[in-house]
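Engineer: So the chains spell out like this:
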Amino acid sequence: MNRRVLLFGFGISLPLLVLLGFAFQHDPQIVESPLIGRPAPDFRLADLDGNIVDLAELRGRPVIINFWATYCPPCIVEHPLLMAGARRWQGEIHFLGVIFQDDPDLIAQFNAEYGRWGPSLIDADGGVAIAYGVYGPPETFFIGRDGVIVDKAIGAVSRDQLLDVANRMLAQPAPATG
Amino acid sequence: MTSVLGQGFVLLGLIAAGFGAALGYVAGVRRSAAGLRLTRRLALLFAVAMVGACGVMWYALLSHDFSVSYVAQVGSLSTPLHITIFSLWSSLEGSILFWGLILGLYIAAAATFQRRGHEDYLAYTLATLLAIGAFFTFLIASVADPFAPTPSPVPVDGPGPNPLLQNHLLMAIHPPMLYLGYVGMSVPFAMAVAALLRGQLGATWLRPMRRWLLVPTSFLTAGIMLGGWWSYEVLGWGGYWAWDPVENASFLPWLTGIAALHSGVVQQRRGTLKAWTVILIMITFLLTILGTFLTRSGVVNSVHSFTQSPIGPVFLGFLALCTAAVVVLLSLRIDTLVSEPSNERLVSREGAFLLNNLLFVSLMFTVLVGTLYPIVAESLRGVKVSVGEPYFNRMAVPLFAALLLMMGVGPALPWGGSDPKLVRRALVRPLPAAAAALVLALLLGARSAPVLVVSAFAGFALWVTADQGLRPVRARRRRRGGRGPLAAVLVAPDRLGAYVVHLGVLITFVAVAVSSTFQREAESTLRAGDTLRLGGYEMTFRGAERVQEPHLIRHQAEIEVSSDGQDRGVLYPSLNIYPNQREPIGTPAVRTTAGHDLYLTLMNVGGDGSIGLRAITTPLVAWIWIGVVVMVAGTVLCLIPTAAERRAAMPRAVADLAASPAGGGR
Amino acid sequence: MRRATRAGNWPSRTNGRRPPRPADRRRATVLPTLLAALSFAASAPAQEPDTPPGAAPASAESGYQPALGIETSNELGDPLGRPLSGDELDRAAAEVAADLRCPKCQALSIADSGAASAHAMRAQARSLLAQGYTREQVVGYFEQRYGEFVRLAPRARGLNLIVWAAPAAIVLLGVLLVALRLRRRRSADEALDVYLRQVERNDGDDGNDGDGGDNGERPT
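Residue numbers (my numbering), protein chains in the order written: chain A, 2 to 179; chain B, 436 to 1101; chain C, 2 to 221.
Hints are computed from structural coordinates only; laboratory data are not their basis. Among the hints, erroneous ones may be present.
[Claimed, not checked] Computed footprint of chain B on chain C, listed as stretches where at least three residues anywhere in the stretch have a Cβ under 8 Å from a Cβ of chain B:
| hint | region |
| --- | --- |
| 1 | 90–104 |
| 2 | 151–157 |
| 3 | 167–177 |
[As the list claims (entries may be wrong)] Non-contacting residues of chain C with respect to chain A, defined by C-beta distances greater than 10 Å in every case (computed):
| hint | residue |
| --- | --- |
| 4 | E72 |
| 5 | G78 |
| 6 | D79 |
| 7 | R83 |
| 8 | A121 |
| 9 | M122 |
| 10 | T135 |
Remember, it's a predicted structure, so these values are computed and weren't measured experimentally. Quick reminder that beta carbons are idealized off the backbone N, C-alpha and C, glycines included.
Model the full assembly from the supplied sequences, consistent with the hints where possible.
Structural biologist: Pasting the structure below:
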């Protein structure tokens, strides 16, 4: 028995195999956002009707920002949930949609057909999507009353997450004005 | 019904492989001729079962039998016939079934071609191959069953295969080539296992082992090249190699396979490095399994990945089992492979081969570390990181340059290398060629240090390659006058073949260096009549049209190309939209010349008839593919038996003929 | 009706605001003005159904309104370098783009990718460089948003040093092993050496003829 080969062989291969086993615990598609717990980047964007939304002015109330597009199937999946959410928390939580690399005409068509749960903001140069580090639609950012990003959903947001995070945000004390 | 038939064939394959593996080892230990005969029959039965299973699947695909789950998954009534045929390997389950087919064919080939003269090795070899076959058929029969009946109701139509795979015919040949390479590595592996189990590795077994290593290595070369070409022709980013984890995975066994081919030369000439060659062959096999695992388990981010599936853990288990078996077997038996005493010097052919192996293995480790590091970072730091092109370029390019240098220096050095004067002469003679290449590069406008270094190395290597490759021809002519060069080559075609491969490597090497350094591009939004200019080309947009095809909608732009006032034809880059597909997939249009490629991609099509056009000119791209073709041609030369082998084979064939009525065997 | 240009690769309504510009794949220097123009245009719907290419609306009128989009300077602080332009800007932008991973693609840099979001990121990077942010600041900006994942080559610090040091370590280990082997074998006998030289002399003529035969088969 050649001890050297045995030690060398297992010395290299065992850690490798353990490592590969660990790899199963992670979904390679999901990257955690470094923005959670940090202030949401402020932006000013116009919606399809030309109304301007300034995020900074919305402070004091939780905001849910959803980056979406008509070509993305999960966006269509989560659409009814966002509709329901916007109705449920009307006047309590702002729902903002940011168009991610899509044709505003198609968005308008989609809204007319399936209903609209909030303004669809035109991010013409993609700068807002970059500032939020959006990998691809849909991504949903939950912003607390104090303007800090509480959580983020990648892919279609689930009912449980929406409920849980919305309630958490609503339970936050209103920030001191000043 | 079809499901049952297919599953029946798979089960038959599993039984044949299982029994064959067990029987083969017993026959090997007992040296039983009858056992070997039966093992060989079971090996052939396994091959037949795999052919049958694939035949059934093809039948199901072509008859659109959606009651078979795999057909329901990748089939579609609107998919053209040829794509339906290729969709056998377009998705996970089918690709593993196809893998089984290729393994079956390799096993049948090994059982047939290695029939004579190697009885002691053959039983172990077939047993090992059948053990691998048993694993794959088990996989097909359990977690990756393509024949599983579709849960009712059976759909009337399916989604069709992944559009990226439908986009280009290269997708029809690239995966089979890669599989032929990957799966083929099992054969030299099994032969090496047999050598270890027998405790001997002589030239009579080494030669066929090298040959069986050469075949899959060149398939892998072709497969990797075709993958790069596909990426270039289909993905539309203008490149051919992105250091994507799955590309890397196919690269790893290629590197060690080539290292093993080279160390095998030393072993053949000197009888040294036996254990090392065996270890390299084993690592190569394990890397093919690792690569398959990475591709199929979905643990890495990659274009090529199949979706996450229960197959991952099973494959990891197989990889662990194989690794453990290899390490234990090596540690038990490696000392039985006694090498000839050697007398190596650093500055000698042997020394060069050692350095060559060192470089190849270092390169393999570098790529392996880079490919797996994201998993390390995620497990230990909890952070996702990327290891991509900038990293690999910085780390791997110096190693490649060193290999290029060795490709010139190594073959120039004499075996043994004890005479310093001889060594000096060998190294000085190619220097003018290196200088000439350097000057040529300067004249052509190269200024960056890496390119200049590569050109000098390439000039050196080219001279040595030509000198060494033509040496037998010249020697023959000098001595006997009358014999033609062909006859001289046929004495040792593998020698010429090796240098033809080197020539191909040189061509590809230089083409990659130049094409990646001197790429230029331009991008613009064009309306009909607008012109985009790049590197002497004028590209005028004439208009776009929308073509409705059965399985896609194509937006196609007509671009008139001219340069130097001359018409250079019309190119049609297009954007294809597949139903149910998130993003449109662009098909670039390429104008290839010997000097450079003009590469046009359509970025978007506006409703008002404008387009976003991206143009890229890349020098020498065509030579990358040409170089690989030369490499493969060289490999074919290497496979022709040498004069000595032909002489040796003759009496054996006569003996076989004489012995055949008695039934052969021992 | 709206005149928002988008960098989308979905076949779409693009009104050709950018006139064809050769040898330029980025368009960020004009972004701020363009944005201001867009904000105005977007708030005045249903006008000018189609403008000829290159005819940007009067951006002066939107001067009284803050620009739409995002103020990157709020996020980034002051530029630490000097504003770049011309060839220098091209080069810096290309280098930064080659080091950033396209978030939507697999293993491609934003320089290589044709995806719309990669296009937007290239434009952003270029505009930041033009404003005088250093390369490190620009890459840092993207890293802050997308995570370390966006760097195509990991930062050389902490655990990441493994990936940078490993190749060199492997080469060194290999050199050591080769050196040991050479030293061990140095003491081989001279007779063999003479024989080897003889073989070498025959080498040129007959190729592999010299090494036929079974030279290693020995019973265990």
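Engineer: Holds or violated: is the Cβ of C:A121 farther than 10 Å from all Cβ atoms of chain A?
Structural biologist: Nearest chain A Cβ is 3 Å from C:A121, so the label is violated.
Engineer: Once the closest CB in chain A is found, is it more than 10 Å from C:M122?
Structural biologist: 6 Å, violated
Engineer: Can you take a look at whether the region 151–157 of chain C is actually covered by chain B? Rule is 3+ residues, C-beta closer than 8 Å.
Structural biologist: Coverage by chain B holds here, the residue count being 5 at a Cβ distance below 8 Å.
Engineer: Count residues of the region 167–177 of chain C with a Cβ under 8 Å from any Cβ of chain B, then say if the count reaches three.
Structural biologist: Per the Cβ count (6), the hint holds.
Engineer: At 10 Å, judged by beta carbons, does C:T135 keep clear of chain A as stated?
Structural biologist: Correct as stated: the minimum Cβ-Cβ distance to chain A is 18 Å, above 10 Å.
Engineer: Examine each Cβ of chain A, and state whether all of them lie more than 10 Å from the Cβ of C:D79.
Structural biologist: Non-interface label on C:D79 holds, nearest chain A Cβ at 17 Å vs cutoff 10 Å.
Engineer: Against chain A, does C:E72 keep a CB gap of more than 10 Å to every residue?
Structural biologist: 7 Å, violated
Engineer: Taking a Cβ-Cβ distance under 8 Å as contact, does the region 90–104 of chain C have three or more residues in contact with chain B?
Structural biologist: As far as the region 90–104 of chain C goes, the hint holds, because 3 residues have Cβ atoms under 8 Å from chain B.
Engineer: Using Cβ atoms and 10 Å as the threshold, tell me whether C:R83 really stays out of contact range of chain A.
Structural biologist: With a cut-off of 10 Å, C:R83 remains clear of chain A, as the shortest Cβ separation is near 23 Å.
Engineer: Any Cβ of chain A at or closer than 10 Å to C:G78, or is the non-interface label fine?
Structural biologist: 13 Å, holds
Of the numbered hints stated above, those contradicted by the structure are hints 4, 8 and 9, listed in ascending order.
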